[in-house]
Structure formats: C-alpha cells, structure tokens
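Enquirer: Spelled out from the first residue to the last, the chains are:
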Amino acid sequence: MSEFIDLVNLVKIYKTPKGDAVIVDGFNLKMNQGEFVSIIGHSGCGKTTVLSMTAGLLEKSGGNVVVDKKEVAGPGPDRAVVFQAPNLLPWMSTLNNVMLGVNQVYPHASKKERHQICEYFLNIVGLGDSMHKMPNELSGGMQQRVGIARALALKPKMLLLDEPFGKLDSLTRMDLQDILIKILDKNQMTTMMVTHDVDEAIYLSDRIVMMTNGPAAKVGEILEIPFEKPRTRSEILEDPRYYELRGRLLSFLEEQDHKKKEFKPKAKIEKPADEPDDNSEIKKSA
Amino acid sequence: MSIKQKILNGLDIAGLPAFKPIVLLLSGENPPEQINSILKFIVVPIIAFGVFLVMWWAVASNIETKYGNVPTPKEVAKEAGSLIDAHNESRQKAKDFYIKQGEKAKSYEEKAAGFTQQALAAATPEEKTKLEKRAAKMEKMATKTKNRKYAETPTYFDQIVTSLKTVFAGFLIASAIAIPLGIFCGLSNVFMAAMNPLIQVFKPVSPLAWLPIVMIIVGALYTTDPREAWFEKSFISSAITVALCSLWPTLVNTALGVASVDKDHINVARVLKLGTFTRIFKIMLPSSLPYMFAGLRISLSVGWMVLIAAEMLAQNPGLGKFVWDMFQNGSSQTLAQIMVAVFTIGSIGFLLDRIMIILQKLVSFDSVVSA
Ligand SMILES: Nc1ncnc2c1ncn2[C@@H]1O[C@H](COP(=O)(O)OP(=O)(O)OP(=O)(O)O)[C@@H](O)[C@H]1O
Ligand SMILES: [Mg+2]
Numbered sequence: 000m001s002e003f004i005d006l007v008n009l010v011k012i013y014k015t016p017k018g019d020a021v022i023v024d025g026f027n028l029k030m031n032q033g034e035f036v037s038i039i040g041h042s043g044c045g046k047t048t049v050l051s052m053t054a055g056l057l058e059k060s061g062g063n064v065v066v067d068k069k070e071v072a073g074p075g076p077d078r079a080v081v082f083q084a085p086n087l088l089p090w091m092s093t094l095n096n097v098m099l100g101v102n103q104v105y106p107h108a109s110k111k112e113r114h115q116i117c118e119y120f121l122n123i124v125g126l127g128d129s130m131h132k133m134p135n136e137l138s139g140g141m142q143q144r145v146g147i148a149r150a151l152a153l154k155p156k157m158l159l160l161d162e163p164f165g166k167l168d169s170l171t172r173m174d175l176q177d178i179l180i181k182i183l184d185k186n187q188m189t190t191m192m193v194t195h196d197v198d199e200a201i202y203l204s205d206r207i208v209m210m211t212n213g214p215a216a217k218v219g220e221i222l223e224i225p226f227e228k229p230r231t232r233s234e235i236l237e238d239p240r241y242y243e244l245r246g247r248l249l250s251f252l253e254e255q256d257h258k259k260k261e262f263k264p265k266a267k268i269e270k271p272a273d274e275p276d277d278n279s280e281i282k283k284s285a
Numbered sequence: 000m001s002i003k004q005k006i007l008n009g010l011d012i013a014g015l016p017a018f019k020p021i022v023l024l025l026s027g028e029n030p031p032e033q034i035n036s037i038l039k040f041i042v043v044p045i046i047a048f049g050v051f052l053v054m055w056w057a058v059a060s061n062i063e064t065k066y067g068n069v070p071t072p073k074e075v076a077k078e079a080g081s082l083i084d085a086h087n088e089s090r091q092k093a094k095d096f097y098i099k100q101g102e103k104a105k106s107y108e109e110k111a112a113g114f115t116q117q118a119l120a121a122a123t124p125e126e127k128t129k130l131e132k133r134a135a136k137m138e139k140m141a142t143k144t145k146n147r148k149y150a151e152t153p154t155y156f157d158q159i160v161t162s163l164k165t166v167f168a169g170f171l172i173a174s175a176i177a178i179p180l181g182i183f184c185g186l187s188n189v190f191m192a193a194m195n196p197l198i199q200v201f202k203p204v205s206p207l208a209w210l211p212i213v214m215i216i217v218g219a220l221y222t223t224d225p226r227e228a229w230f231e232k233s234f235i236s237s238a239i240t241v242a243l244c245s246l247w248p249t250l251v252n253t254a255l256g257v258a259s260v261d262k263d264h265i266n267v268a269r270v271l272k273l274g275t276f277t278r279i280f281k282i283m284l285p286s287s288l289p290y291m292f293a294g295l296r297i298s299l300s301v302g303w304m305v306l307i308a309a310e311m312l313a314q315n316p317g318l319g320k321f322v323w324d325m326f327q328n329g330s331s332q333t334l335a336q337i338m339v340a341v342f343t344i345g346s347i348g349f350l351l352d353r354i355m356i357i358l359q360k361l362v363s364f365d366s367v368v369s370a
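If you read the protein sequences in the order shown, they are chains A and B.
Heads up: the first sequence at position 153 corresponds to 152 in numbering that gives the first Met the number 0, and the numbers run straight through without jumps.
Heads up: the second sequence at position 329 corresponds to 328 in numbering that gives the first Met the number 0, and the numbers run straight through without jumps.
Hints in this document: simulated from the structure, not taken from any laboratory.
Be aware that a few hints might be false.
Each computed EDC-like pair below joins lysine to aspartate or glutamate, with the alpha-carbon atoms no more than 20 Å apart [claimed, not checked]:
no.: 1; chain 1: B; residue 1: Lys3; chain 2: B; residue 2: Glu28
no.: 2; chain 1: B; residue 1: Lys360; chain 2: A; residue 2: Glu70
no.: 3; chain 1: B; residue 1: Lys272; chain 2: A; residue 2: Glu70
Label pairs and their computed distance ranges (CB to CB) [what the hints assert, rightly or not]:
no.: 4; chain 1: B; residue 1: Pro30; chain 2: A; residue 2: Glu237; range: 48 to 54 Å
no.: 5; chain 1: A; residue 1: Lys166; chain 2: B; residue 2: Phe190; range: 34 to 40 Å
no.: 6; chain 1: B; residue 1: Phe190; chain 2: A; residue 2: Tyr119; range: 40 to 46 Å
no.: 7; chain 1: A; residue 1: His195; chain 2: B; residue 2: Leu15; range: 27 to 33 Å
Small disclaimer: the values here were computed from a predicted structure and weren't measured.
Beta carbons are placed, not taken as given, at the ideal position from N, Cα and C, and that holds for glycine.
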C-alpha cells in the first residue's frame, strides 16, 4: 500500500524579538491508510506544532502536507481534529455540536439521515442517551467523547488527536482508550495522535514517532509496535515484548533529557516550569 | 430537581441570593447558619434603611423652604396615597362618563328603532321617507355619543406608563441600531476603525444637547397630521433622544463580544469550514450574547436616566414632566410629590435592571446550569 499521508519537510519558524525561533525543522513522516501513529516527545518540543500544521490550523514556514496524493493548504473537515480540551460549543446541545459538522459534510442528506448519522456516532462513544444534554451538564470525559464523535462523524481521511485524554483522570482515560480502539478496529481510520503517555502510545499505535528535543525538532526514531490487532489491554501487558518497547521509548526520552542538560545552562534545568505545559500559545497563534 | 432547588436556582438567576437562607431555613437546613445569613444580609439592610428614614425625618423638619418644611417620610407616603386616590377618582369619573354616554346612546338607538317601526307602518311615502330620515339622524347621534372620548388629564400612573413606553421604544431603536453595528465592528477591523471616531465623539454627549436637535429634526420630518399619526411627536423625540444616548454601551459591548470569541471555537469553525453565515449565527453571536446583554443592561439604565431629563426639558408627557409640573405649581405638596416621583423613578430603574440581569443570566451559558 502506498503512503496515504505524506508530511514532507515540515518547518515552523516563529519570528521573535530575539530573532527567528526554529521550532520544527524538517519533519518527515509517511503514513499508510488506516495506520495509527503516535507522536511522543518532551514537553515543548513541537508536537502540537506538527499536528496543527498537518491540520492546517497553523501556517507552515515550509514543507508540504499531502493527503491522498493531493497537497492541502488550510484546515478542512477531511482532517478532523480532537483537541486537548473538548472545545464543544456550550450553547448547543450534544447532538447539535455533532450536527454542526455533519451539516457541513453531508449537505445533500435529508434531515432525518443527518440525525441518524449523529445518533450513530454518539452511540458509538456511548452517549446515545445524552444527546439532548448541554455540554456543561456532561463530565469532562463525556465532553471529550462528544469531541471524538464530532470528529468521527465528519468521515475524515485523517484523524488528528492532540493529547485527547491528557486532561482526564487515569480511569476515564483507560475507558476512552478502549472506546477509541474499538471504534478504530471497526472503521479503520488514518490517525495521528500526540501523547505524553508511553503506555497509551503502545496500546493504540502501529508506529510511534519519537521527536527530538527542540529547538529545530524532527523525527528522532520510529518504533514499530508488532502486536496484532484487535488488541486487548491485558494481552499486551502480558506480552514480554511490551516491556522491551516501553524500555526503548523511555530510554530515548531520557537520552533527549541528557542532551538537553548538556545543551542548556544549569540554571534552566532546575526550573522546567518556564516551558509551556499546554499548547495554548500555539492555538492562540493559529 | 426538587422544588426547593428550583426556587434556589430562581433566586440565583434573579440576582437575589440574599433570600436563599429563608428558603433553606424553611426546609430546616442548618438553621443557625441560615439565621446568621438572614441577620447579615436581610436584617442589616432593613435596619440601614430604617436609619436612613430616621435621619431624613430628623433633618426634614429642620429645613424651612418657601413651600413649607421639607416633607417627612410620613408625608411623602401620604402624598403617594393621595396620588393613588387621584388616579382612582379619575378612572371612576371616566367610567361614569362612559356609562352615561352608553345610556344616552342607547336612548338614541331606541328612538331610532321607534322611528323605523313607524316608518314601516307609515301611510304615505312622504311620511315614510321623513320618518326614515329621522331614524337615520338618531342612529348617527348614537354612534357619535358612543365615540365621544372622555377628556381625562393624565394621572400619575398614566405618566408612568407613558415613560415606560417611551423608554422601551427608545431602547428598541437603540438596540436595533447598536447590535448590527456592533456585530460589524466586531467582525471587521476596518469597519471598527471607521466607526471609532464617531463612537468616541458622540458617546459622551449629554441628552440635553441631543434633545433640541432631535426635536427640530423630528418637527421638520414628522409632518403627518397629528389626528392620523400613530405616535405623538413628543413621544418620538423623547424616544430618539433616549436611543441616541443609550446605544453606545450596547454597540461597544457587542463589538467586544464578537471580537473576543474563543480562539478554540474559531478553530472548530475552521476545521469544519463553516460558511460565513453559519459562523456568525452559530458561533460568533451565541458566544457574544453575554457581552451583548451586559451592554443592553447598561443601555437600558442609561436610557431611563436620560428619559426623565428629556421629558423635563422638552415638556414631553411622562414622569419627568410630572416633576416639572409639580415644581412649577409650587404648592405645599410640591416637595412631597416630587419625592414620590424620585422613589418611583428609582424603583422602576431598579426593576428594569433586575429584568435585564435575569435575561443576562439566562443567556450566559457558563454560569447557569440549564435545567
Ligand atoms: N507564537 C509563538 N511564538 C514563539 N514560540 C512559540 C509560539 N508558539 C509556540 N512556540 C514554541 O514552540 C515550541 C513548541 O510548542 P508545542 O506546543 O508544539 O509543544 P508540544 O510539544 O506540543 O508541547 P506539550 O507537550 O507541552 O504540549 C514551544 O517551545 C513554544 O515555546
Ligand atoms: Mg502540545
């Protein structure tokens, strides 16, 4: 199968008062159709930047995004995004939040058909009976599930997830991981997910892309996850290869940490707090 | 949700959380704490008001004016009572008048019927036409009597109603102008830049300066025959003055609301590639509603203040004119009547503000749990 998604030499440079800040420099990745790729890396290395450029929400300083042999510019419903915060519109019911996208993607469907599509995807994420609730009546996990349903209902060529479960407690997070893996087993979808969670990455991915630390971050190593699909959490945890993979990931991250320490003056290491721990800056500039 | 919870939510929405402890106390929830809050937030304000009355009382009897002593709270209350009496009396008179007119009309109608009967039985054609003519005349008299209007001088409550109508008319005009302009300002930097000098220059202008201009222009343009006109000239000039002074807060706030839509929500719109129309009506407007309503609330209270001044200055019917007329009368009740008016104006202003607070809370999707 030829590559379905091709990220070619993505570059992001911010103009700052202190001169150009090269955040991402030459990020290359090819993805097959239906493949699940996770991007993992230290905080602030540029994961959200890569994902936002792929989504078209952030302007590229260089490089191309090719989807299904066509180069794309700007955002569109063919690359659905699930944000770290659910970003539901609080003045619309759950159903209407999903409907907003469905109306865009199925302009010729009848009202009843569109309603059925929304209902189908809300059922998939287990929210069939919360259709008419307002977002502020839902828990954080439920809101995030609506966000996933909204993205899936677009029938996108590519699903982009930016730490989709990052803000949830670990139990809810495992729940949603299971839901996501079930959905993707049924309807294969080319997916790129940014995460901090090594176990989550192994459980869900076909390949894990490890990014080098910024500035000028790029693909460091790529790890193939050999487990058969469909997977279950317990099977994977029992597999001896699991710990080997986990070790590889952690040692890469540690290595990057050392490089950072060598690279940066001592004072900076002691306060990693000056690194943004969320991606709000990116979104604002997008 | 239980009834208790509903009442509590209602109080929250109405901006009256001070009364929550009463509900909680009645439901027996932690009585000592509730009594404590009641003391703090209900009893203390009542005492403060009492202190105010006592001080007023003490000061009032010591100030001598050309219309006699400054009235005490009691005299003001009495005056309020007599204004109510005067209103009831006037209504009663009107009622009596219409009953009398009705009776008169009836007797004319009966006479008309009588003539018609006679006409049917008339011997000669000449006789018949004569009687028919008479019947028609009586008929005419009857309708004329029925349509006669009682020439009532407006009572205090009529003035209140006039003022309320005028302020709402002005407020509607202001909203109809300010909201669309605000939306355009929020959507387009260029439009905002174009509007900005106008906004900055006209915003601080006092109603006293607008009023003569408005009156002259309305006088020139509104030339419909007064008997056929839907609105009186004075009503229109007051309403437009109110609108001119009160549209700015809504305009500025709407623009701010539209311009400060959450970037994440904009990103959602971008990913979905929403069209301009959907983007404005499904994302921009709902998200700016709370700002817009905050602006509308300020606009309405500004409008109410402006209206009283405009009515006073222009002698346009309403509460302002009432105050001015009382001032001109210069009787021993003048001060008491004006004070009644002051309390009325204040209370209505307060009520209008409450209504706007409730609306504002209802449209802000974050603060209220919709239930
Ligand atoms: N507008 C901007 N101007 C300058 N630098 C920026 C801007 N926005 C983001 N950056 C920088 O780009 C870098 C990468 O940010 P990005 O959000 O992509 O990191 P991330 O890998 O997603 O981090 P996290 O894991 O914490 O979400 C950060 O060091 C950040 O400081
Ligand atoms: Mg990020």
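Enquirer: Next, verify each hint and record whether it holds.
Expert: Here is what the structure says about each hint:
1. B/Lys3 <-> B/Glu28: holds (11 Å)
2. B/Lys360 <-> A/Glu70: With a Cα-Cα distance of about 47 Å, the restraint between B/Lys360 and A/Glu70 is violated, given a limit of 20 Å.
3. B/Lys272 <-> A/Glu70: Answer holds: B/Lys272 to A/Glu70 is near 17 Å, not above 20 Å.
4. B/Pro30 <-> A/Glu237: 48 to 54 Å: violated (59 Å)
5. A/Lys166 <-> B/Phe190: 34 to 40 Å: holds (38 Å)
6. B/Phe190 <-> A/Tyr119: 40 to 46 Å: holds (43 Å)
7. A/His195 <-> B/Leu15: 27 to 33 Å: Given about 47 Å between the Cβ atoms, the range is violated.
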